[in-house]
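Trainee: Residue numbers (the numbering used here), protein chains in the order written: chain Y, 54 to 239; chain V, 73 to 478.
Since the hints were made in silico from the structure, they are not lab data. All C-beta atoms, glycine included, are put in the ideal place defined by N, C-alpha and C. Check before you lean on any hint, since a few could be wrong.
[Stated by the list, open to error] EDC-like cross-link-like pairs, simulated, lysine to aspartate or glutamate; straight-line CA separation at most 16 Å: (1) Lys426(V) - Glu179(Y); (2) Lys238(Y) - Glu348(V); (3) Lys205(Y) - Glu357(V).
[Stated by the list, open to error] Selected chain Y positions facing chain V (in silico; Cβ < 10 Å): (4) Glu179; (5) Ala217; (6) Phe230.
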Amino acid sequence: MDCNYSSRIIEPIQSRCAIFRFRKLNEEDIGHYLKRIARPEKLTLSPDGIKAIAYVSEGDMRRATNILQSASTLRRKVDEKAVYEVSAIARPEEVRQMLELALDGRFEEARNKLYNLLINQGLAGEDILDQVHREIFNLKIPEPVKVKLIDKVGEFDYRLTEGASERIQLEAALAHFVLIGDRLKS
Amino acid sequence: MFEPWAEKYKPHKLSEVVGQPQAIQWLSKWADFWRRGKPEKPAALLYGPAGTGKTSAAVALARELGWDLIELNASDKRTFDIIQKVAGTAATTGTLLAGATGKRLVVLDEVDNVYGTADRGGYRAIENVLKQATNPVLLIANDQYSIPWTIRGLCFLVNFRRLTQESIFKTLERICKSENIEAESLAINIIAEAAQGDLRSAINDLQAVAIGRRHLTIKDVVVYRRDKEVNIFEVLGQLMQATSARQARALLWALDRPPKDAIDWISENIPRMLTEPADLERAYEALSRADIFLGHIRRRQSYGMMGYAGDMMTAGVALSRQGELKHVRFQAPSSGVLMGRTRATRAVRDSVAKKIAKRCHTSSREARKHFLPYMNVIFRCDKNVANRIAEELELEDGEINYLAGV
C-alpha cells in the first residue's frame, strides 16, 4: 500500500503494517540517482545541472527524471542552462536578486527584473510568487520578518487566483518588500 | 436622480429635431410612402456624424406616426434572427397599439459596426431582411460608404449634417432656461463652438459645467475646457498632488482612458514620484485593490464594480502619500504595452494548461508548471507522440503551435 500520510490510514490497518516513511529527497540523493541514469544513457551531467534539477523538481524524483530526459533531448550535455530551458521556472538567483533590489529600496530596478521574468521569459505570475516564497527563506533578514513576508506573498497569490492581473499584483508585492527593507534599515 | 440632459431634452416630434430641416423633410416623405403601402425602397439609411440627431429622429418619427418602435443594435450577432422575425413576414399580423393597420418601425443602429463585417455575413443578413421587409426599416450609420452598395441600393438615403454653431447655441440656451440657469451668452457660445456640430456632446458639456449651478459664467466654461484638453501627464501630476478623495477621483475622468488602461499609466509613473517607501507600499496596495476589482469585472462582467476600481486607483493612490513628491518626467506605460503583446500567448498557455489539467486530474497551475515544459519538448522533438497528445487533448491549431514553439 502507498499513501501520502500514514496518519490518514485507520489504526487497525496501520497496526498490521510495517511503516516506511519516504521523505522528500535532498540534492545529494537526487544527484546520486540522476548520475545512475546518465551513465547508461551516455549523458554528461554537470554539477550545476544537478543543482538546477534538484531545485526545479522540489525533491520529487519522478519530476527530476522527467526534467533530465527533457533536457537531454536538447543537448547531450545537461547543464544549468539546459534545465532552465525545459522548465517553466526562473533561475533562483534571478528571483533572489529581484527581492534584494526591492529590499534595498531600488524599486525600479527590481521592477525591471520582474518584467524580464514576466515578459522575456514568459513565466506565470503565480509561479514567480511560488519562487519568491521559496527564496524568502534564503534572504538575510530577521526570521519573524520572513513569516510576515510569506503571509503577504500568500495574500498576493490569493488575489491572483481571484482574477487580478499578474503585473500589478507582483509590482505591489515588490513595493511591500521595499517597505520592509526600509523598516529594517532604520 | 441624475438624468442626462441629452436624454431629457430629446425631441418628441420630428419638428422638434434641431437643425436638420432637409433630413427631416426627406424622412417624412419616406414615411408618407409607407403609409400608402410598401414603397420601392422599404428602408431608409440615416447617415451623418455623431450627435446630429439620427437616432432621435427615428424615435420621434415612430412616436409621431404611432408606429411601434423596435430598436436593435446591429453589432450584436444574435439579433439577426430577431430582425428576421420582426421585420420580415411574421410582422404582417399588425401591432399592439394600432391593430391590423399598424406598422412596426425597425431601427438598426450602428450599422457600420455590424458583427461579421469581415465575412460580410452580417451584411448579407441585413440585405435579406430588407428584401423581404413588410415593415419600415431604418438603418443608422455614421459613414454611408462603409455600408455595401447592395444595401445602400435598397435604401432611401437621408443625410444628417453637422449642426451650425447657431442652432447648437439656441438649443443650449433653451435648456439653460428650463433648468433655471442664468447663463452668459459667451459661456454658452464657447461650448457650442467646441462641439463642432455635435449637439449631444454640446449638451453633455453644458451639463458637466452647469449642473448644480444657478449661474454659468465664462470663467466656469474656460476652466472646464482647460480640464478637458489637459494632457495625461499633467493629470498624473495633479493626481499625486490631490488632497481630497473627490478631487482625485475626478481626475480619472480627465485621464480620459478606461480604468484598465489608466491603471497602467498610474503604476508606470508613481514609483518615480514617491520618495517614501511607506508611500510607495500604500499606493501599490491601493492599485492592487483596484486591480482586483478590475479582475472581477473582467471575469464576471460586473461593471458595477468599476467605480471602486476607479476610486482606488485615483483617490486610493493619491491619499496614500504623506512624504514629499519628486518631480519627474512622466513616461507612457512600457510594460503594459509589452504585456499586451504577450497577453495572447499567455491566454493560449493557460488554455493548454487547463486541458492538460482536466485530462490528468490535476490543477491548471500544476499542469502549467510541471507538465507544459515536457509537452514543449515533446512537441518540438517527436511529431508522432505530439499528434497523439494533440488528439487526446483536443488541442486547437494555435495551442499546438504554442507547444511546438512556432
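Trainee: It remains to establish, for every hint, whether it holds in the given structure.
Mentor: Hint by hint, here is what the structure shows:
This hinted pair checks out: Lys426(V) and Glu179(Y) have alpha carbons roughly 15 Å apart, not beyond 16 Å. About 13 Å separates the Cα atoms of Lys238(Y) and Glu348(V), which keeps this hinted pair within 16 Å; it holds. For the suggested pair Lys205(Y) and Glu357(V), the alpha carbons sit about 11 Å apart, so the restraint of at most 16 Å is met. About 6 Å separates the beta-carbon of Glu179(Y) from the nearest beta-carbon of chain V, less than 10 Å, and the hint is met.
Residue-level restraint check for Ala217(Y) holds (minimum Cβ-Cβ distance to chain V is 4 Å; threshold 10 Å). For the restraint placing Phe230(Y) at the interface with chain V, the shortest Cβ-Cβ distance is roughly 9 Å, inside the 10 Å limit, so the hint holds.
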